[in-house]
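Protein chains in written order, with the numbering used here: chain P, 1 to 251; chain U, 1 to 251; chain L, 1 to 251; chain V, 1 to 251; chain A, 1 to 251; chain G, 1 to 251.
Think of the hints as simulated: they come from the structure by calculation, not from any bench. Warning: the hint list may mix true and false statements.
As the list makes no split between identical chains, a pair holds if one copy fits it or if it spans any two.
Subject to a maximum C-alpha distance of 30 Å in a straight line, what follows is the list of computed DSBU-like cross-link-like pairs (lysine-lysine) [as the list claims (entries may be wrong)]: (1) K185 / K17; (2) K227 / K154; (3) K98 / K185; (4) K185 / K154; (5) K185 / K16; (6) K154 / K98; (7) K16 / K157.
Note that the structure is predicted; figures quoted are calculated from it, not measured.
Below, each chain spelled out in residue letters.
There are 6 protein chains.
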Amino acid sequence: MQLHLSTWTEVEAYLKKSQGIILPIGSTEQHSPIGLIGTDAICAEAIARGVGEATQALIGPTINVGMALHHTAFPGTISLRPSTMIQVVRDYITCLAKAGFSKFYFINGHGGNIATLKAAFSEIYAHLEDLQISNAPQVQCQVANWFMCSSVYKLAKELYGDQEGSHATPSEVALTQYIYPEAIKQAPLSSEVASGHRIYGATDFRRRYPDGRMGSNPALATPEHGKQFYDLAVKELSNGYLEFVNGDVSG
Amino acid sequence: MQLHLSTWTEVEAYLKKSQGIILPIGSTEQHSPIGLIGTDAICAEAIARGVGEATQALIGPTINVGMALHHTAFPGTISLRPSTMIQVVRDYITCLAKAGFSKFYFINGHGGNIATLKAAFSEIYAHLEDLQISNAPQVQCQVANWFMCSSVYKLAKELYGDQEGSHATPSEVALTQYIYPEAIKQAPLSSEVASGHRIYGATDFRRRYPDGRMGSNPALATPEHGKQFYDLAVKELSNGYLEFVNGDVSG
Amino acid sequence: MQLHLSTWTEVEAYLKKSQGIILPIGSTEQHSPIGLIGTDAICAEAIARGVGEATQALIGPTINVGMALHHTAFPGTISLRPSTMIQVVRDYITCLAKAGFSKFYFINGHGGNIATLKAAFSEIYAHLEDLQISNAPQVQCQVANWFMCSSVYKLAKELYGDQEGSHATPSEVALTQYIYPEAIKQAPLSSEVASGHRIYGATDFRRRYPDGRMGSNPALATPEHGKQFYDLAVKELSNGYLEFVNGDVSG
Amino acid sequence: MQLHLSTWTEVEAYLKKSQGIILPIGSTEQHSPIGLIGTDAICAEAIARGVGEATQALIGPTINVGMALHHTAFPGTISLRPSTMIQVVRDYITCLAKAGFSKFYFINGHGGNIATLKAAFSEIYAHLEDLQISNAPQVQCQVANWFMCSSVYKLAKELYGDQEGSHATPSEVALTQYIYPEAIKQAPLSSEVASGHRIYGATDFRRRYPDGRMGSNPALATPEHGKQFYDLAVKELSNGYLEFVNGDVSG
Amino acid sequence: MQLHLSTWTEVEAYLKKSQGIILPIGSTEQHSPIGLIGTDAICAEAIARGVGEATQALIGPTINVGMALHHTAFPGTISLRPSTMIQVVRDYITCLAKAGFSKFYFINGHGGNIATLKAAFSEIYAHLEDLQISNAPQVQCQVANWFMCSSVYKLAKELYGDQEGSHATPSEVALTQYIYPEAIKQAPLSSEVASGHRIYGATDFRRRYPDGRMGSNPALATPEHGKQFYDLAVKELSNGYLEFVNGDVSG
Amino acid sequence: MQLHLSTWTEVEAYLKKSQGIILPIGSTEQHSPIGLIGTDAICAEAIARGVGEATQALIGPTINVGMALHHTAFPGTISLRPSTMIQVVRDYITCLAKAGFSKFYFINGHGGNIATLKAAFSEIYAHLEDLQISNAPQVQCQVANWFMCSSVYKLAKELYGDQEGSHATPSEVALTQYIYPEAIKQAPLSSEVASGHRIYGATDFRRRYPDGRMGSNPALATPEHGKQFYDLAVKELSNGYLEFVNGDVSG
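Work out the full structure: start from the sequences and follow the hints.
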């Protein structure tokens with residue numbers, strides 16, 4: 001059940017049987033000359049919808065711009081500052097918690113979002129208690145990173161070994177190829193690829209990773225691989241969501 | 001050309017011939033028991049993509065949650081506070097302006113976004129000048145509301161007369177039916193519908209407009225109408241975009 | 001009844017019979033070499049006081065600096081950023097709402113304030129509900145622009161035709177001449193005057209409108225005209241205020 | 001020379017001979033059942049205009065709402081939060097400093113503004129240096145409290161002794177009576193008046209100072225006294241302004 | 001009793017007999033070539049601990065970075081902006097007030113903190129009332145500047161006369177020598193020392209006070225003097241704290 | 001070399017040979033009835049000083065209050081909100097980067113700080129580039145958690161096995177006992193201890209972890225263990241710091 005394709009009366013009915021909602025979150029950032037700028041949002045959204053079908057969970061609107069300041073030296077990247085993103089997530093959860101939602105499961109497609117999301121969650125719990133919303137003590141937020149699913153990680157290593165890298169990876173590119181076969185890109189990539197540098201500011205990042213790849217070879221991606229990753233991630237995160245939403249509140 | 005389906009190298013190439021970008025912006029808010037919660041984002045995104053095809057413009061990621069605080073007494077609504085939205089739009093435009101974009105055309109699906117967008121634009125122009133970005137004096141933002149296109153307005157009046165109303169209108173519902181025929185909703189609506197009240201806070205809004213409609217009869221919508229609205233809006237806003245982006249910078 | 005000339009005990013008594021207050025808001029910005037920098041605040045304040053006399057409404061302190069970032073390339077202009085102005089208006093209304101006021105009627109002298117005021121109102125309604133102030137659901141804000149009164153508009157067209165323009169207009173200059181006859185300015189104006197350009201940032205604005213006028217000929221203003229505008233605006237906005245404050249709260 | 005009664009071309013000419021500006025700042029807060037809510041703004045504005053006449057200084061718009069949170073349990077009080085006020089003052093000075101002003105002399109009518117003003121000044125100096133405004137290192141702000149002028153203080157002690165008190169004082173009330181003789185109030189005051197309590201929050205303040213006076217007897221005020229205070233303050237602050245604006249920049 | 005050396009159960013027990021807490025606040029800023037960068041925090045912390053021993057008060061963590069923007073042109077200085085510091089103090093007091101504390105006594109070592117602290121207190125009282133914390137109306141904050149103790153001031157004048165100056169004073173340097181005899185510094189100081197200039201921005205400050213001293217001769221300091229200052233300050237502030245915390249709440 | 005025990009001239013000299021600085025960061029939060037509220041700050045500060053001695057690095061002031069909102073239902077806990085902490089860290093690094101520092105090594109004693117610190121770093125890199133500080137592209141921040149040192153982790157497992165737990169651990173308590181032997185606490189602890197629950201808001205946390213321990217048995221701690229942990233952490237983080245600060249800037 002997708003929120004944007006539902007009516008408020010359907011949401012009202014849903015809330016009688018579940019207080020859980022899945023929020024896909026990605027990023028709009030360079031993914032090398034082969035990967036799509038929307039990769040992280042595309043993956044998170046597709047998997048979230050798959051999870052929604054498998055679990056009857058409500059899927060909220062995709063947060064398609066995240067925390068990608070370190071990629072902003074590449075054109076086409078859009079990023080929220082962390083302090084903006086905290087306010088955004090706060091506004092989302094405040095609205096939904098007032099309506100009765102209490103279990104927020106973020107299916108995330110971008111490593112750069114994790115720290116800010118976790119910071120936001122802490123701020124939000126305190127904010128909701130300050131607002132004295134009746135269900136504030138029950139509100140729980142969790143971030144589930146599809147690319148860190150053990151089954152996904154295992155397959156990526158099998159298929160690509162070290163060439164999986166850590167940004168613009170063949171696994172995420174494969175997933176976008178499965179979802180958007182009409183947008184498969186070809187571009188020459190140098191056989192050498194930088195890797196191993198920590199991430200600091202945007203200028204530094206582009207200097208160290210001149211084509212945007214971090215140790216990866218996205219040219220290895222195929223749509224067929226993408227379907228495999230999709231299936232694995234949907235299955236693992238469906239279980240993750242159900243555990244989260246059915247978790248014993250009393251501990 | 002859609003940003004999320006492009007690579008950074010394609011964006012780099014695009015910037016050599018155009019500094020314009022279209023940003024669809026909608027809302028996630030109740031649209032009566034018949035209209036979809038994602039109506040405003042769905043419409044803005046679809047029309048923006050149509051305009052993109054017609055004009056070769058780059059289409060950025062859809063801002064699918066906007067300023068809908070007055071709808072938040074209905075479950076499923078998510079809203080940014082205006083001060084959050086100003087920061088969000090600032091972050092988007094700052095990233096894109098640094099990359100070389102200077103003409104920002106917001107195709108908007110929600111009347112409630114207009115004031116905050118305009119406030120944001122003013123704040124952003126000053127911010128970019130403070131940052132001393134070289135193209136700061138050239139940056140221009142414009143909001144284009146598809147539902148205020150004269151051709152759209154005229155057709156809505158012809159088809160629905162007074163039953164067009166001003167929220168959860170048959171015209172916008174029709175457009176979503178054309179785009180998502182699988183999500184056409186049926187629900188009983190009272191023949192009486194409230195209208196004419198000004199918009200204040202969320203509690204007041206729900207009291208005055210108990211099912212969420214503002215003078216409208218969305219049951220009149222059909223997917224065929226939706227296609228007509230789509231075609232008209234795409235045509236009119238394509239012209240609008242080209243005028244904007246080709247405008248004489250020197251005045 | 002003017003707030004700054006009243007005591008708190010008089011306000012306490014006033015609140016027993018009315019919860020309405022009028023807040024004049026203007027701007028401190030260039031108005032061409034002939035118009036006063038304080039034009040918008042002067043006009044709003046004078047008309048608000050006239051409305052106060054006609055309706056027995058309480059008139060709050062004039063917000064004399066508004067949102068004029070686009071005029072800041074001319075010396076003497078002072079502007080709040082929109083995000084600052086939202087906080088300012090929030091602080092005003094929060095104080096007054098806690099004291100029992102619920103109907104806030106902003107008599108506005110500057111078009112550039114409208115978007116930010118409306119954004120502020122939305123933020124404030126939600127803020128007051130979050131604070132759980134008892135009268136939060138009753139709080140209503142409205143912006144009334146004297147220069148958009150139909151009677152004012154009609155007279156301006158009769159007197160000045162196209163030379164009314166849209167900034168540093170003869171109508172507003174006339175009104176300041178009526179109020180401050182000792183501050184009537186003379187300055188040579190070019191016969192050519194720029195018009196028709198949209199408003200973007202401050203540098204762009206000054207380039208397009210080098211003397212600050214937007215299609216207007218303020219030299220046509222006379223104090224006698226000013227009195228006519230004053231009388232029309234006071235009459236029309238007195239009616240507007242009474243309708244607002246006496247509006248059926250139940251819809 | 002008053003900014004609101006000047007044109008931008010007059011300001012441009014002024015800046016060629018002086019970079020100083022006087023900004024009156026008051027408050028909108030209870031001043032007992034006899035003192036006007038606008039007392040602090042009225043006094044600051046009147047004295048600033050007198051100083052302007054005596055020194056040819058430019059007088060900016062009066063900041064008529066200041067930091068009066070501790071008075072907000074009395075109806076009619078409006079206060080900015082300190083963090084809002086810092087942003088407001090920052091916006092004022094940033095606009096004016098970009099235009100070429102560098103000496104900001106705040107004539108202040110309210111003790112509660114002092115701390116926040118000083119905090120704001122510190123923030124602003126750093127902000128202007130961050131913006132790399134060319135005259136940033138020359139920018140100087142000073143707050144001059146008319147009620148702390150030694151000549152004023154001396155006269156108040158002579159006229160009223162201990163009954164001067166520290167809020168809603170006869171000296172400030174006298175000054176408003178001189179300026180607005182039509183708004184002289186009469187109200188019974190208890191002969192006992194609270195004094196000596198420190199200022200904390202609003203609820204505490206009203207409990208300790210139930211009619212709003214702090215050790216004062218404003219019934220002693222006369223318009224004639226007011227004129228004396230006005231003359232003394234104008235003279236002393238005129239000297240203060242000239243010293244400030246002519247101060248040796250090199251130390 | 002020091003908070004950082006206590007357990008939460010000890011704090012719980014403490015709260016049953018006292019709702020007072022002492023918060024030392026200093027700064028991290030240049031103190032001439034002889035004075036330690038941590039001078040203000042060292043002094044505040046040491047004195048606070050002495051007061052804690054004398055009065056059984058709980059001593060919170062030292063705020064060791066304060067408002068020192070004007071010293072930032074000297075390397076090693078770290079400063080909060082005033083608007084950040086307001087948020088920091090707000091967060092501290094909100095946590096502690098929710099736990100039951102209501103009397104906050106800031107022992108301060110830096111004049112530059114005073115204005116921002118006072119601004120913060122005003123903001124916090126209002127914030128706590130907005131949160132509807134039960135003890136909000138009882139919350140009281142006070143800033144006690146050890147260097148302004150009358151006994152300290154008197155001794156400094158006796159020992160150093162005019163060479164006490166107003167920054168990097170021999171009295172504060174002496175106190176740090178008493179506390180950290182291992183960190184007594186020697187450095188040549190010019191016999192001429194600047195004094196009498198007002199404090200504006202950082203660039204201006206360093207230009208006027210090139211070695212960081214303001215009229216002082218810190219070479220006069222000895223650890224023995226330091227012990228005297230320590231004893232005087234502890235005694236005077238212990239009395240101050242007890243008066244504050246035992247103050248008649250009803251006035 | 002400790003910043004608070006240095007002079008600005010010593011810092012100036014230091015900067016000629018190193019641009020690195022270590023910032024200890026802890027927390028002020030409950031650590032069970034046995035662990036000190038200052039545990040995280042005490043550990044981070046002590047280890048940082050040890051690292052400073054071993055590497056000649058400059059050690060900045062300890063950030064002794066961090067992000068501990070989830071512990072705020074226990075009295076004595078003080079926490080910054082994440083959005084406040086981002087501003088604090090931004091202010092620190094901005095001051096220090098302007099002075100010439102570029103390598104910021106945070107020795108951290110609290111897991112709850114990590115996410116917010118990382119979010120802050122991202123915000124800061126972009127902020128410094130916006131300020132156009134010359135060394136902005138060289139600025140690098142890193143967080144080093146002493147409790148996650150592999151040698152520390154290994155010893156903790158050897159000494160305590162599963163009773164190490166994840167909050168109020170015997171390893172951190174042991175370290176505080178080594179540093180403050182005079183503050184070793186005794187208190188009865190239930191043999192049962194909650195574990196395995198995720199961390200959400202403060203009310204939820206206290207309900208799940210009623211005495212504040214998370215699966216740990218801090219009664220196992222001894223000062224001798226503490227010394228071992230101290231030595232291991234100092235050694236491992238000294239290496240970590242040197243690698244960081246000597247890292248090949250060119251990648």
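Comparing the hints with the structure gives:
In the homo-oligomer, the alpha carbons of K185 and K17 lie at most 30 Å apart only across protomers (21 Å), although the nearest pairing inside one protomer, at 43 Å, exceeds that limit. Taking the shortest alpha-carbon separations for K227 and K154, only the intra-copy value of 15 Å comes in at or below 30 Å, while the best inter-copy value is 41 Å. Taking CA atoms no more than 30 Å apart as the test, K98 paired with K185 passes between copies only; the shortest distance there is 25 Å, against 44 Å inside one copy. With identical chains, the CA atoms of K185 and K154 are at most 30 Å apart within one copy only, with a shortest distance of 25 Å there and 42 Å across copies.
Within a single copy, K185 and K16 get their C-alpha atoms only as close as 45 Å, which misses the 30 Å cut-off; across copies the closest is 20 Å, which meets it. For a Cα distance limit of 30 Å, the shortest separation of K154 from K98 qualifies neither inside one copy, at 40 Å, nor across copies, at 39 Å. With identical chains, the CA atoms of K16 and K157 are never at most 30 Å apart, being 42 Å at best within one copy and 39 Å at best between copies.
When each numbered hint is compared with the structure, violations occur for hints 6 and 7.
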